[in-house]
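Q: Each chain is listed here by its residues.
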Amino acid sequence: MQRKSPYKAIVIGSSAGGINALTKVLSVLPADFPLPIVIVQHLHPESGHHLPHILGTKSALKIKQADEKELIKKGWVYLAPPNYHLLIEEDFTFSLSLESPVNYSRPSIDVLFESAVYAYRQHLIGIILTGANHDGSLGLKKIKETGGFTIVQDPKTAEADAMPKAAIEATTIDKILPLQDIGLYLLQLVNRKYN
Amino acid sequence: MLDDIDNQNIELQLLLQAIYLKYGYDFRNYAKASVRRRVEHFMKKENLNSFAETQHKILYEVNFFDRLLLDLSVNVTEMFRDPNFYRSFRQNVVPFLKKQPFLKIWHAGCASGEEVYSMAILLKEEGLYNKSQIYATDMNQVILNQAKEGIYLINRLKLYTENYQKAGGKESFSDYYIAHYDHVVMNKSLKENILFSDHNLATDGVFGEMHVIFCRNVLIYFNRDLQNRALGLFNDSLINHGILCLGSKESIRFSEHSNIFVDVDKDEKIYAKEISL
Chain A
5 MQRKSPYKAI
15 VIGSSAGGIN
25 ALTKVLSVLP
35 ADFPLPIVIV
45 QHLHPESGHH
55 LPHILGTKSA
65 LKIKQADEKE
75 LIKKGWVYLA
85 PPNYHLLIEE
95 DFTFSLSLES
105 PVNYSRPSID
115 VLFESAVYAY
125 RQHLIGIILT
135 GANHDGSLGL
145 KKIKETGGFT
155 IVQDPKTAEA
165 DAMPKAAIEA
175 TTIDKILPLQ
185 DIGLYLLQLV
195 NRKYN
Chain B
218 MLDDIDNQNI
228 ELQLLLQAIY
238 LKYGYDFRNY
248 AKASVRRRVE
258 HFMKKENLNS
268 FAETQHKILY
278 EVNFFDRLLL
288 DLSVNVTEMF
298 RDPNFYRSFR
308 QNVVPFLKKQ
318 PFLKIWHAGC
328 ASGEEVYSMA
338 ILLKEEGLYN
348 KSQIYATDMN
358 QVILNQAKEG
368 IYLINRLKLY
378 TENYQKAGGK
388 ESFSDYYIAH
398 YDHVVMNKSL
408 KENILFSDHN
418 LATDGVFGEM
428 HVIFCRNVLI
438 YFNRDLQNRA
448 LGLFNDSLIN
458 HGILCLGSKE
468 SIRFSEHSNI
478 FVDVDKDEKI
488 YAKEISL
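Line by line, the protein sequences give chains A and B.
For the first sequence, the residue numbers in this note's numbering are 5 to 199.
For the second sequence, the residue numbers in this note's numbering are 218 to 494.
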């Protein structure tokens with residue numbers, strides 16, 4: 005018997021060059037895309053409040069900043085608020101935290117990814133895009149070890165290649181893709197029938 | 218790996234239960250994802266491999282628990298954090314406070330006290346300090362002692378001074394502390410009307426007849442049940458028309474106490490208790 009995609013959520017981490025990269029990925033996805041997407045984009049603590057709007061103008065999906073205790077729903081893209089760590093609880097709601105920066109970052113991609121693994125387990129897709137640091141590698145490794153699916157932007161197509169390179173070194177990557185192919189690949193991945 | 222996650226969840230639950238049974242600190246209704254992170258961070262520092270191993274040491278070594286307790290609460294804070302909040306407080310709350318014969322003010326979860334001194338400065342500048350009694354509480358005695366001392370690292374002062382100015386400060390920030398080498402000591406006169414004491418929002422009761430309650434960036438670490446408990450305490454501790462101030466990402470709007478409070482400044486999360494008689 006054929007089953008639908010085993011995946012229930014997508015987490016994305018991006019840093020330097022990330023706004024362009026995110027715009028490219030999100031602009032391909034239709035309004036009825038069946039999975040929620042949760043994003044950590046590194047930003048200056050006092051900026052970034054306009055990011056949902058900036059990304060929203062180029063995407064059919066509904067995009068907002070994640071609220072504390074908000075229930076995660078499909079059809080939505082959630083962004084970590086600037087200067088807070090964003091975590092996913094086992095009941096698929098968000099937590100925020102002002103704990104110290106991790107990898108010099110708050111929000112930290114590792115913090116989001118690791119908490120998402122506890123909530124979604126093997127039903128999670130993790131993506132690392134462009135960036136100039138190493139955040140997200142440990143989180144992506146955890147996603148892979150738990151049976152989730154890992155995607156990294158091909159470093160050759162990244163504005164900053166340190167973060168995708170670090171992720172590729174840290175664990176087995178299911179798909180390394182040029183930036184322009186990631187959105188389309190996600191569509192295939194979630195619409196494919198599984199035996 | 219999936220079994221590992223289930224086993225770790227059981228071990229974490231048992232660890233929090235052990236802490237509660239042995240020491241009375243109740244972290245069982247904290248937001249689980251962030252509590253797990255903080256315990257794991259502590260374990261890494263202490264070279265421990267599992268929650269179970271941690272639990273054993275917690276039960277048999279009191280000093281060890283004291284160290285964990287410091288790491289379990291998030292004590293990140295700063296003077297005049299979110300300057301716009303203080304600006305709004307001056308504009309929207311101070312006029313109400315000026316009409317009161319005396320003031321009782323509660324800082325719940327004050328951590329190392331930076332925001333308590335910030336508010337003391339604001340009250341002084343608005344001519345309200347002398348009629349105020351301020352209660353600053355935290356569940357952690359070690360951090361509470363730091364708050365009582367009011368000694369802060371000098372390298373933070375640039376940020377604090379900027380915040381103070383953005384917050385609508387009326388004097389020079391340097392009037393409020395004395396610098397000694399690498400740290401500053403807050404003026405004694407700011408401490409006169411502040412009472413520091415032990416209080417745990419998860420297990421302790423009402424703090425009576427307050428005009429203002431500050432509880433900023435504490436509720437984000439609680440689950441929904443514990444948030445409701447804390448907000449219930451605040452509701453029961455406030456006089457009618459009393460003011461509740463939460464952190465900028467916290468809201469009363471999803472809680473069971475929502476209809477008792479009206480917005481004073483929605484963006485800065487300042488609410489007033491309004492019971493219609």
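Derived from the structure by calculation, the hints contain no laboratory data.
Where is the CB? At the ideal position from N, CA and C, for every residue including glycine.
Where hints are given, some of them may not hold.
[Unchecked claim] With beta-carbon atoms standing in for the labels, derived distance ranges:
| # | chain 1 | residue 1 | chain 2 | residue 2 | range |
| --- | --- | --- | --- | --- | --- |
| 1 | A | Lys-78 | B | Tyr-237 | 46 to 56 Å |
| 2 | A | Asp-95 | B | Lys-483 | 18 to 28 Å |
| 3 | A | Thr-61 | B | Asp-392 | 24 to 34 Å |
| 4 | B | Asp-399 | A | Ala-35 | 51 to 61 Å |
| 5 | A | Tyr-108 | B | Thr-420 | 45 to 55 Å |
| 6 | B | Gly-422 | A | Gln-192 | 39 to 49 Å |
| 7 | A | Asp-95 | B | Glu-366 | 52 to 62 Å |
| 8 | A | Ser-104 | B | Gln-317 | 37 to 47 Å |
| 9 | A | Ser-104 | B | Asp-392 | 51 to 61 Å |
| 10 | B | Lys-383 | A | Glu-173 | 54 to 64 Å |
| 11 | A | Asp-95 | B | Asn-301 | 43 to 53 Å |
[As the list claims (entries may be wrong)] Below, computed lysine to aspartate or glutamate pairings styled on DMTMM-like, alpha-carbon distance capped at 25 Å:
| # | chain 1 | residue 1 | chain 2 | residue 2 |
| --- | --- | --- | --- | --- |
| 12 | A | Lys-148 | B | Glu-388 |
| 13 | B | Lys-315 | B | Asp-220 |
| 14 | B | Lys-483 | B | Asp-299 |
| 15 | A | Lys-77 | B | Glu-473 |
Q: Each hint: holds or not?
A: A quick look at each hint next to the structure:
no.	hint	verdict
1	A:Lys-78 - B:Tyr-237: 46 to 56 Å	violated, 37 Å
2	A:Asp-95 - B:Lys-483: 18 to 28 Å	holds, 27 Å
3	A:Thr-61 - B:Asp-392: 24 to 34 Å	violated, 48 Å
4	B:Asp-399 - A:Ala-35: 51 to 61 Å	holds, 56 Å
5	A:Tyr-108 - B:Thr-420: 45 to 55 Å	violated, 36 Å
6	B:Gly-422 - A:Gln-192: 39 to 49 Å	violated, 57 Å
7	A:Asp-95 - B:Glu-366: 52 to 62 Å	violated, 40 Å
8	A:Ser-104 - B:Gln-317: 37 to 47 Å	holds, 39 Å
9	A:Ser-104 - B:Asp-392: 51 to 61 Å	violated, 31 Å
10	B:Lys-383 - A:Glu-173: 54 to 64 Å	violated, 43 Å
11	A:Asp-95 - B:Asn-301: 43 to 53 Å	violated, 32 Å
12	A:Lys-148 - B:Glu-388	violated, 56 Å
13	B:Lys-315 - B:Asp-220	violated, 60 Å
14	B:Lys-483 - B:Asp-299	holds, 14 Å
15	A:Lys-77 - B:Glu-473	holds, 22 Å
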